[in-house]
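Asks: Take a look at the letters that make up each chain.
There are 2 protein chains.
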Amino acid sequence: MNILIVHAHPEPQSFCAAMKDAAVEVFRQQGHTVTVSDLYAMRFNPVASAEDFASRANPDYCVYALEQRHAVDTGTLPDDIRTELEKLLACDLLVLTFPLFWASVPAILKGWFDRVLVSGKVYGGKRFYNRGGLAGKRALVGVTLGGREDMFGAHGIHGPLEGMLKPVLQGTLGYAGCSVLKPFAGWHIPYISAEQRAQVLQAWRARLAALAEEADFLPMPDLADFGARYESSNHKGATS
Amino acid sequence: MNILIVHAHPEPQSFCAAMKDAAVEVFRQQGHTVTVSDLYAMRFNPVASAEDFASRANPDYCVYALEQRHAVDTGTLPDDIRTELEKLLACDLLVLTFPLFWASVPAILKGWFDRVLVSGKVYGGKRFYNRGGLAGKRALVGVTLGGREDMFGAHGIHGPLEGMLKPVLQGTLGYAGCSVLKPFAGWHIPYISAEQRAQVLQAWRARLAALAEEADFLPMPDLADFGARYESSNHKGATS
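Here the protein sequences line up with chains L and R, keeping their order.
All residue numbers for the first sequence refer to my numbering, where the first residue is 225 and numbers rise by one.
All residue numbers for the second sequence refer to my numbering, where the first residue is 225 and numbers rise by one.
Hint data in this document are derived by calculation from the structure and do not stem from the laboratory.
Any given hint could be a false lead.
Unchecked claim - Facing chain R, a subset of chain L residues (Cβ under 7 Å, in silico):
#1 V271
#2 M388
#3 P391
#4 F441
As the list claims (entries may be wrong) - In silico EDC-like cross-links for lysine to aspartate or glutamate, where the CA-CA straight-line distance does not exceed 20 Å:
#5 R:K406 x R:D316
#6 L:K311 x L:D284
#7 L:K350 x R:D316
#8 L:K350 x R:E373
#9 R:K350 x R:D297
#10 R:K406 x R:E438
#11 R:K406 x R:E419
#12 R:K350 x R:E438
#13 R:K350 x L:D374
#14 R:K350 x L:E373
#15 R:K311 x R:D245
#16 L:K311 x L:E249
This one's a predicted model, so the numbers in the text were calculated from it and none came from an experiment.
Ideal Cβ positions, reconstructed from N, Cα and C, are used throughout, including at glycine.
Isolated chain L (complex conformation):
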């Protein structure tokens, strides 16, 4: 497999970075080709703006998604986006490793979604969910949290983790066409012992080692269940 790991943590020595490093090691030992985008180390620009487009479809009014399409059509995506997009399109498995910041991904990773998941290639028109541009690829989220496991779930104060992560798991990865595996959560990481952290890391390694056989995907909408309305091409996402 060709595997892309997108990592976003501000501290290079963090437990989350150790999860990223373990993933590289486990996958390479299995003979896979692994590419890492370490967004903090790359100083990735997360701000989707008109400045991303040297050649504009409409120089007077920026609809970001329409400019993305124009840039795809004219081959004028900026280098940082094109490089990331090529890595993404080449992968069979996308792994995201990040700490939960405000019930979601850190802004630098959100901006990777905003800028790299370009309309006209990854989504756009009828190209979403099972018809998304990333159909056939698998995706796995590995998240570290300050919170305890009992704060999540049906009876937890925050509700199920998959609910908090829905915009990422369904609204982004699933929407773009990926088959999305159940997220891996490293609970309460800043407050547990070194021994407990080693156990979490071991569980992560074991999960990854068996990932090729894993086929238990999160349920996603199937466009066919929603009928003729999705036959038209006016569902373009980030154009408002």
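Put chain R on the given structure of chain L with help from the hints.
Replies: Frame of chain L; chain R shown alone:
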């Protein structure tokens, strides 16, 4: 009232910007004090990193939330964060206007959450949900979407909008202590006529004009319902 509008759209002429401008106008006509943080115009830095802290609690290992606390305690928050935090703490009503990008806020606004909602002031320890640092403030989300209203809701392909926005509505605004009003959605904005847009803008103005009397808040967890476990102080959020 003292009102803070945080606006995040890459196009200054967008419909979303018109919503922001209408909010300023309606609120000022009512005699309220209005402050606007236009994040794109400010070129706000959304990346939470060790570079935010001139004086470090731990120079060798950055736990972002613990450094936020240290910066609050020592009065060493950087100027851009301190300015935004002061605006936030001074407001009675927080209004967010943004386009839905990948089922969530644009990265520049996510980074405003990550950097401005500082531990030790806005949350941290027992300070979350109804005990959050922003308790007593109200919050309103005004979002523009490419999607149609029938794509959301219990039978829509994406599920309810409040579900997609849960990390923002509950995981951020509610968690920080705000009383969160139902979001206002401008549906299908890029594809509707100028007349339809004018109707959406009129509905937004009418909603805002009556906002002082509005008291229909989204349900949020009450720490008291979850018992003694939330009497301890080890629930610190973005520390993993």
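Asks: Take the hints in turn and mark each one as holding or not.
Replies: Evaluation of the provided hints:
Annotation: V271 (chain L) was flagged as interfacial toward chain R, and the flag holds, the nearest CB pair being 5 Å apart, inside 7 Å. Evaluation of the M388 (chain L) hint against chain R yields a held restraint, the C-beta minimum of about 6 Å falling below 7 Å. For P391 (chain L), the interface hint holds, the least distance from its beta-carbon to any beta-carbon of chain R being 4 Å, beneath 7 Å. The interface hint given for F441 (chain L) is violated, since its Cβ lies 17 Å from the closest Cβ of chain R, which is over the 7 Å cut-off.
Taking the CA atoms of K406 (chain R) and D316 (chain R), the gap is near 17 Å; set against the 20 Å cutoff, the hint holds. For the suggested pair K311 (chain L) and D284 (chain L), the alpha carbons sit about 32 Å apart, so the restraint of at most 20 Å is broken. The suggested pairing of K350 (chain L) with D316 (chain R) is violated, with an alpha-carbon distance near 43 Å, which exceeds 20 Å. Under the criterion of a C-alpha separation no larger than 20 Å, the hint pairing K350 (chain L) with E373 (chain R) is consistent with the structure, at around 17 Å.
As the CA atoms of K350 (chain R) and D297 (chain R) are separated by approximately 17 Å, the hinted pair is consistent with the 20 Å bound. Using a Cα cut-off of 20 Å, the hinted pair K406 (chain R) and E438 (chain R) holds, with the two alpha carbons roughly 10 Å apart. With a C-alpha separation of about 25 Å, the suggested pairing of K406 (chain R) with E419 (chain R) is violated against the 20 Å cut-off. With a C-alpha separation of about 28 Å, the suggested pairing of K350 (chain R) with E438 (chain R) is violated against the 20 Å cut-off.
Taking the CA atoms of K350 (chain R) and D374 (chain L), the gap is near 16 Å; set against the 20 Å cutoff, the hint holds. A distance of roughly 17 Å separates the Cα atoms of K350 (chain R) and E373 (chain L); the hinted pair therefore holds under the 20 Å criterion. For the suggested pair K311 (chain R) and D245 (chain R), the alpha carbons sit about 18 Å apart, so the restraint of at most 20 Å is met. For the hint linking K311 (chain L) to E249 (chain L), the alpha-carbon distance of about 19 Å falls within 20 Å, and the restraint holds.
The structure does not agree with the numbered hints 4, 6, 7, 11 and 12 stated previously, though it agrees with the rest.
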